[in-house]
Every structure is written in C-alpha cells, then in structure tokens.
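Given chain U, put chain L in place with the hints provided.
In the order they appear, the protein sequences are chains U and L.
Heads up: the first sequence begins at 1 in our numbering, then just goes up one per residue.
Heads up: the second sequence begins at 1001 in our numbering, then just goes up one per residue.
Treat the hints as calculated values from the structure; they're not laboratory data.
From a predicted model like this one, the values you see are computed outputs, not experimental measurements.
Any given hint could turn out to be false.
A few chain L residues that don't get close to chain U, going by computed Cβ distances all over 12 Å [said to hold, decoys possible]:
1) Leu1100
2) Pro1111
3) Arg1116
4) Leu1117
5) Pro1140
6) Arg1334
Computed, partial: chain L to chain U, Cβ under 10 Å [what the hints assert, rightly or not]:
7) Val1067
8) Thr1093
9) Gln1101
10) Arg1105
11) Met1106
12) Thr1109
13) Thr1110
14) Gln1114
15) Asp1118
16) Asp1147
17) Pro1149
18) Leu1151
19) Ile1204
20) Glu1322
Ideal Cβ positions, reconstructed from N, Cα and C, are used throughout, including at glycine.
Below, each chain spelled out in residue letters.
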Amino acid sequence: MSAHSVVGTDIAFRCNWARETEPARHPELEVVRVACIGRIPAGLLLQAIEHGAGQVLVLGCPENECRHQNGVRLAQVQVRIVRDLLHLLGLDPDRVRLVAGDESPTPRPAAHPGV
Amino acid sequence: MNMDQVLAETLLCQECGRCTGVCPVARSGLGFSPRKVIRQAGESRTQSPELDRALFTCLGCDRCAAVCPSGLTISDLIIRLRQEAYQQGRTATLAHGGLLQSFMRMMATTPDRQHRLDWLDPSLRVSTSGDTILFVGCAPYFDRVFDFPGLRPVETARNAVRLLNRVGIEPILLDDERCCGHDLLWLGDTGNFRLLAERNLAQIAVTGAKRLVFSCPECLRTFKLDYQSRFGKSSLELLHISELLARELSQLDPGAMPGRVTFHDPCRLGRHLGIYDPPRELLRAVPELELVEMKHSREQATCCGGTAWVECGTAVKCLQNERLAEAEATGAERLVTACPKCDIHLRCALSGTDARTGPEIVNMINLLAESLGLTGPEPLPESAVLADKGGSQDA
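One chain only, chain U, in its complex shape (with noise of 0.2 Å):
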C-alpha cells in the first residue's frame, strides 16, 4: 500500500463475479477486483483509511447470489468489525460499508452499529 498512495481516494473492493452495478462504475472509485470478497481481512480494510483513503467500499452481490456462498456473509463479519473499529476510534463508520447487490453507493446517514 505503501507503493501507491491511496490519500484521499475512495476504493472499492470488488467481487469479480458480482454484476456491473451502479457503485463499481463510479468515476471516482479505484476499484480492485478481488476473486472473493470474503477474503478480504478487516486488516486490510482498516488499513486503506489508516493510509488516508476517503471511503472503502466491499461490493459483491446479494447474500443469496454468492458464488461461493458465504463469501457475502463473510465479508458481512469484516465488515462489521471495522465499522466498529471505527467508532471507538471516534470517526464515521459509514466510511466502510458493505454494498450487496444494486444499492446505492452514496453514504447513509446509517444507524450506527452500536456497541
């Protein structure tokens, strides 16, 4: 991460399989096209905003559509943990999310996870 610098960029974590949707073709987005998204850690999540990235965004399809069938579940629990992280370290746990299907990409004033 250390060879490209990532500050200010909002990056998306794309499962090869999912469909073209609306958020993978967002112009600003530098999307990396991963074969499973399940195995994407919530290290490297995390570490994309320690580096300065703006949003990161996980984008496979439906749980119910999965390839490799947990592979959305799987990511559901990365996930989970660093939008936690992010709150006890006091900044916006919308700034990793989970996009499952055709939602929209834009950042919802979303419920926090709770604690």
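Just chain L now, kept in the frame of chain U:
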C-alpha cells in the same frame, strides 16, 4: 540504553546456552536460539536474513533472563534489534491481517476523540476526580475483534470497576485513553509508541491522581519499565489490580465458590514485574476454591504464546497446547489468568479446528466478580439515589 550499550552488555554472555535450553521457541526446532541471536547481533546483524527471521519469533517471555548467569535481559536486545529492523523497513508477519497494529497506530495519530467508554453503565461508580485512575487498556477494541465463546473483554472492564467499587474506590476512567503502545514498541515502532505515551501521560497528568491501577499486565509493564526509562520517573503509584485488591482483602470478602483452579502467570506480570503472589492470595481467599499449581509456574511459567500479535505459527500453537495440557493434568476445571491477551490466546487454542477439551479459561477479575455475585449491576449505596435509566446498559 542505545544499541552500543545493549551490545556492550552482550559481551557478558558466557555462551553457556541456558537461555536456549529454556527458550520455548527454541524448543520448537524452527531455528530460533537466544544464544545465537546474541552472537549474530555482535557480528553481522545488518545482513543476516537468518537473524531477521529469528528476531520476530521471540515472545519476549524472559524465561531466558530468569536463568542467565550474567543477568542479561535478552529481550532488551531483541527490542533494540527490532527497532533497527523496523527503521530499515523490515517487520514481522502480522497476525489478524495487521488489524490490531493498525488501530493501535491510528490511536497514536488520529486527532478524533474516541468513543471508548460506551460500555459503562449507571451501576458502575466512576469519578472525574480522585486518587485512583483505572487504565482500561484495549479491552473495548478486543471486544469488537474477538468472538471466542465466553470472551467479553468489556465485561472484564466492568468487573474491574465493580471490584474497585467493592473496596470503596470510585476510579477515574480516561475517556480518551490510548493504547499503552506495548505491542508497537515490541515491534520496533518507536515513533508511534512515543506518540501514544505522550498522549496518555498528558491526560493522566491533568487528573492529579496519585495512583494508576491496571487490569492488563502489559500496560503495567509498559508504564512501569518502558515509560519510566524513556520519559522520566512517574510520581504515581503504578500497580496491578491484583496488588490493590490483595491489600483490601478484608473489604473484598469473596463468597464461596467450590471447585479447583490453576493460575497461569502472564510473562509481563510475573517475570517482567515480579508479581506472583497477589493473584494467588486473591484466589486462595475465595472459600472452597482450591488453587493447584501447574508443572511450570511462577518464574518457570510458560508463555501463552502470543506477543504483539505477530508470528502466530507452529511454535506458538505447540506452546499453547502444552500449556493447556499442563493445566488439564492438574485436574483443574478452570485456568485462571490475569492478562486479557493470555485469555484470548488460550481460548483461541481451545477453539481451533482441531478443538480439544480443556479447562475453561477465565480472567481472574471475572472469577472474583463471580465469587462476589457481581456479575450483574452492583447495588448502589443508599445515599446515591439515581434515576432508573432503564435499558441503557444495552444502548
């Protein structure tokens, strides 16, 4: 000490090999040897891939220091070598995808105020002024990262407050407390370690407190040894919660709890700080609770296998399984530890895919709270009538 001083001290090494003889990582046969580290450090440390690999497998458990006839603390050398490696861009293989080091570094650098005390509930009596600060440590963070069955780090934090309340102390909690920096220091990241230390020391100074109580032995070690040697002597009394509670045993007055337990000495509490007896005094004070010792205890206690969340591999897993087997051999139903990280690491070993049966792992703080029936909200004193805030505990 700077590197030259540390290296000069290694000249005292008599090459007797007792360090390597007791080193739990050396026993794994993966090539690490404290004696070899000492020799290579003096010879060709800048270009030794072998030393590099070895450097980060050391657990800093100080079993070697306990037997060294020259009184060398090899972990001091290891920390210095890691600083040098870190500055040259070399580091360990991080466990958990680097998640823990990442939030620790963010605590060093982010200006934002944390939300780290959400776990407090109205039944816990805390204060904004007074003599005693309770340093909570990273429990609120660990609570979100680890979900081993039965592990609730924030419940341990609540119980620590309940125990202090029980002996008449309403502790100050720092609402923007930062990680003590133990893990980053042991990885060689002295820059972020210093930032964390400065933020903590500044917050503590304004409270005017006289003593600082820790529920985590690593935080205590870091404040007592590393902060004081780098940033000057502290005027505060620094102590582990077991030391404070052991002094107040008559007020604590634990209730009966039939069963047999064994105590696992955390490296930082035992060999690093010499605190062996207070946790045992507390356990012995619980009526009907039998305390039995494992084959390796006190100065000879083996490590839980994890330091600074790095290099979690074969050696570590062997060590953890051996420790659990030792505990099992005592016939104890519960293995009690006084360190949140031992608690996590031993639970991890128990819950692996090749899960084995073993004693239940329990933090000493939670066991004491249980014996006192403090697992729920502590009844408020009659003088402090607070409005019922309903389900705010779950907020």
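Hints, verified against the model:
1. In this structure L:Leu1100 is not separated from chain U by more than 12 Å, as the shortest Cβ-Cβ distance comes to only about 8 Å.
2. Listed as a non-interface residue, L:Pro1111 fails to keep its Cβ farther than 12 Å from every Cβ of chain U; the least gap is roughly 9 Å.
3. Chain U draws L:Arg1116 into its interface by the beta-carbon criterion, the shortest separation being 6 Å against a cut-off of 12 Å.
4. Here L:Leu1117 does not stay apart from chain U, with its beta-carbon only about 10 Å from theirs, under the 12 Å limit.
5. With a least beta-carbon separation of about 6 Å from chain U, L:Pro1140 fails to lie farther than 12 Å from that chain, contradicting its non-interface assignment.
6. A cut-off of 12 Å between C-beta atoms confirms that L:Arg1334 is not in contact with chain U; the least separation is 28 Å.
7. The interface hint given for L:Val1067 is violated, since its Cβ lies 37 Å from the closest Cβ of chain U, which is over the 10 Å cut-off.
8. This hint is violated: L:Thr1093 has a C-beta 12 Å from the nearest C-beta of chain U, more than the 10 Å allowed.
9. Hint on L:Gln1101 holds. Least Cβ distance to chain U is approximately 8 Å, under the 10 Å limit.
10. Checking L:Arg1105 against chain U by beta carbon gives a least distance of about 6 Å; that is within 10 Å, so the hint holds.
11. For L:Met1106, the suggested interface contact is upheld, since its CB lies about 5 Å from the closest CB of chain U, less than 10 Å.
12. Among the interface hints, the one on L:Thr1109 holds; its C-beta lies about 8 Å from the nearest C-beta in chain U, closer than the 10 Å criterion.
13. Checking L:Thr1110 against chain U by beta carbon gives a least distance of about 6 Å; that is within 10 Å, so the hint holds.
14. At about 5 Å, the closest approach between the beta carbon of L:Gln1114 and any beta carbon in chain U falls short of 10 Å, and the interface hint on this residue holds.
15. Hint status for L:Asp1118 relative to chain U: holds, with the closest Cβ pair at about 4 Å, below 10 Å.
16. Evaluation of the L:Asp1147 hint against chain U yields a held restraint, the C-beta minimum of about 9 Å falling below 10 Å.
17. About 16 Å separates the beta-carbon of L:Pro1149 from the nearest beta-carbon of chain U, more than 10 Å, and the hint is not met.
18. With a cut of 10 Å, the hint placing L:Leu1151 at the interface with chain U is violated, because the nearest CB-to-CB distance is about 14 Å.
19. Hint on L:Ile1204 is violated. Least Cβ distance to chain U is approximately 19 Å, over the 10 Å limit.
20. Using the Cβ-Cβ criterion of 10 Å, the hint placing L:Glu1322 at the interface with chain U is not satisfied: the shortest such distance is roughly 28 Å.
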